[in-house]
Amino acid sequence: MEGLQIVVCGSLVPDPLQTLEPVINPTGPGLKNETMLPSVLDPWASHSLYEAANLAKQVAGSKVFLVSLGPKAKLQQLMMTVAQKAPFELVAVDGSASGFTDAMDVAKTLAAAIEAIPGLDKGKMLLFGGCSSASRDAGVTMQLVGEQLGITDQFVGVDEIKMQDDGSFSVLERIEGGQYLASTCPSMPAVLAWATGSLPEPPNNPQIGMANMRCVMPALQKAKPASIGVGGISFEKTEIPAQKRDTRIVKDVSADEIAAELVEWIKG
Amino acid sequence: MADLFLVLHTECDGSFSKAALESLSTAADLSSKLGSAYSVGVIGAGASAAADAIAGCGAEKFYTVEDEAVAAPRYSSDTKASAALIKAADAQIILAPGTSRFARCMPGAAYRTGAAVDTHIVALAVEDGKISAQRWYYRQRILTTLSRADRPWILLVDGGVSDAWQGDAGSAGAQAVAVDFGDADNRVVIKGVESPAVDAQTIRPDSAILFVAGAGWTKKQSDGEYHIGDAGVLIQGFLCKAGASLGSSKSLVDLQSDGQETLSFMSHMNQVGQTGSTPRHAKGLSTCCHGEEPHAVGWRFINERRAINTDANCGWAQGKADVVYIADAFEVMEKVNALLS
Ligand SMILES: Cc1cc2nc3c(=O)[nH]c(=O)nc-3n(C[C@H](O)[C@H](O)[C@H](O)COP(=O)(O)OP(=O)(O)OC[C@H]3O[C@@H](n4cnc5c(N)ncnc54)[C@H](O)[C@@H]3O)c2cc1C
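So the protein lines, in turn, are chains A and B.
Mapped onto the numbering used here, the consecutive letters of the first sequence carry residue numbers 1 to 268.
Mapped onto the numbering used here, the consecutive letters of the second sequence carry residue numbers 1 to 341.
These are calculated hints, taken from the structure and not from any lab test.
Glycine included, each C-beta is placed from N, C-alpha and C at the ideal position.
Don't take each hint at face value.
Unchecked claim - Derived coverage of chain B by chain A (criterion: at least 3 residues anywhere in the stretch with Cβ under 8 Å from a Cβ of chain A; other residues may be distant):
(1) 187-196
(2) 246-258
(3) 275-288
Could you put the whole structure together from the sequences, leaning on the hints where they help?
Shown next as structure tokens:
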């Protein structure tokens with residue numbers, strides 16, 4: 001099999017350990033101190049990046065592209081860590097990474113950026129990304145990008161791909177009740193929106209980082225601005241519902257008594 | 001023209017899932033609030049018989065696609081069938097249950113019908129004839145109420161928004177919608193569903209209680225030793241006796257992908273939280289989990305929450321659980337299992 005061209009769509013989201021507070025901007029909702037919040041690569045998209053790198057290693061001549069739409073300065077910061085994880089070529093687009101933007105706008109921008117990758121051969125292309133983001137959490141962007149690129153073999157919630165020598169592959173997609181839907185696809189292109197996959201986060205590798213950085217800086221300089229907004233959504237209310245509970249702390253009580261109370265609660 | 005249209009799919013045995021029947025109640029309710037009729041489209045094996053099974057739901061018209069191509073879930077054919085139904089009904093507001101099948105294909109159907117699409121809808125309201133929808137952003141942290149002027153507008157509704165519809169069967173007189181499935185729609189071959197063995201089936205969405213295990217089960221205990229084997233016996237014993245569904249913190253399942261000794265019956269599929277699932281259960285018991293914000297995110301839809309932790313300063317104590325037991329989970333769960341026997 002000839003080398004694969006794996007295009008991974010992944011952008012930044014606020015570090016999950018940060019407290020998020022909504023604010024209303026003239027253009028729609030946003031997050032308080034959004035530009036200051038530390039970011040991470042969107043978790044499911046990062047799993048797809050690790051899976052892409054792993055697959056590319058198995059098929060000689062393969063190449064991974066990371067297509068990322070986000071504010072340029074924040075992408076640059078993010079690349080300091082992400083670029084050390086796996087070899088890729090960055091395709092950056094300078095625009096909002098807010099979860100409140102409309103997925104259709106985002107998908108159009110990503111599809112245009114992918115179409116513009118010089119020499120991309122769709123016959124060898126696997127389009128990877130997360131099955132959902134930790135920001136909008138809608139699970140629609142990858143399908144919309146795929147549709148715009150004319151790719152109608154799509155898989156969502158993927159935990160496994162197994163490539164065959166003839167370019168066909170099998171996929172496991174998460175479905176209800178902890179089960180998998182197993183299917184086979186005869187050839188590329190295809191969209192795979194990943195769940196967690198099975199690979200751990202790779203350790204930082206400064207050598208990979210150095211090699212990636214040669215392309216990262218020019219890619220960031222070239223990043224085209226994109227105007228991404230809330231589209232047709234009107235947000236009527238944006239809030240953090242009060243959720244503090246009146247916690248009863250049970251201390252210095254025997255395991256027998258706790259067990260009896262728990263069993264009563266479970267059965268009640 | 002169908003102002004309001006509900007799209008459902010059958011399961012492989014031709015029945016409707018609970019999620020489908022819940023969304024039928026949601027559609028019926030929305031239709032009465034809007035004061036307008038609604039129609040129903042069904043795709044999948046046995047679609048017309050399934051339409052008959054819900055004939056008493058008050059829908060004005062039924063449409064079906066039940067070709068072999070949609071007998072099993074598949075993006076290419078499901079997207080085409082869903083788009084065809086939406087076009088046939090000339091639908092403006094389209095509801096669908098947020099099942100894995102529709103979560104996969106409805107965005108594509110939206111693209112092909114020029115519709116806007118919003119997913120994970122947790123509530124719908126009508127005021128002065130205007131529909132608004134509630135959904136969470138940033139993984140169950142920020143709740144929004146939104147609306148759109150765009151039509152068509154597809155809304156995928158989460159489980160638990162309404163009770164499952166119950167009513168009379170009859171003759172739906174469904175109109176079969178012709179869809180021209182070609183080779184391109186049949187390229188992907190569905191091999192089947194891979195289910196864990198019955199005794200390894202730890203994810204039980206219909207269970208009343210969620211049991212969440214944290215990394216503490218695999219840590220050195222007060223005697224300075226690891227007790228991972230005992231932890232496995234206690235957890236599996238509880239799942240079996242209480243009929244509970246099993247959730248995990250990220251740290252616990254990550255140990256497995258890092259190649260460390262851990263609980264072999266758990267996988268990333270069990271993970272709840274920021275990058276895991278957000279299950280719906282009436283009760284949840286957290287054990288050996290610290291329970292900070294990313295974890296609490298996964299508990300958004302658990303009504304009653306209790307936790308067992310040796311540390312009185314764990315996150316659960318900060319107003320996130322109803323009761324926190326400061327105790328050794330090994331000791332407590334052994335006694336709980338004995339009492340449940
Ligand atoms: C990008 C990102 C995404 C994330 N997504 C998620 C997610 O989806 N889900 C998630 O859970 N986390 C997530 N996290 C990780 C999260 O921040 C925490 O690190 C994780 O939840 C901690 O897991 P834990 O509570 O099991 O382990 P620990 O923090 O190690 O806590 C173990 C607890 O066990 C207790 N303990 C030990 N022994 C006993 C005993 N015998 N009896 C009772 N208690 C005992 C200890 O007191 C301690 O509180 C994410 C982090 C990042 C950066």
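Legend entry - Cβ contact check, 8 Å cutoff: the segment 246-258 of chain B against chain A, three residues minimum: holds (count 3)
Legend entry - Coverage criterion applied to the segment 187-196 of chain B (partner chain A; beta-carbon cut 8 Å; 3 residues): holds (count 10)
Inset, instruction - Take the segment 275-288 of chain B, compare each residue's beta carbon with every beta carbon of chain A, and decide whether three or more fall closer than 8 Å. - result: holds (count 3)
Of the hints listed earlier, there is not a single one the structure fails to meet.
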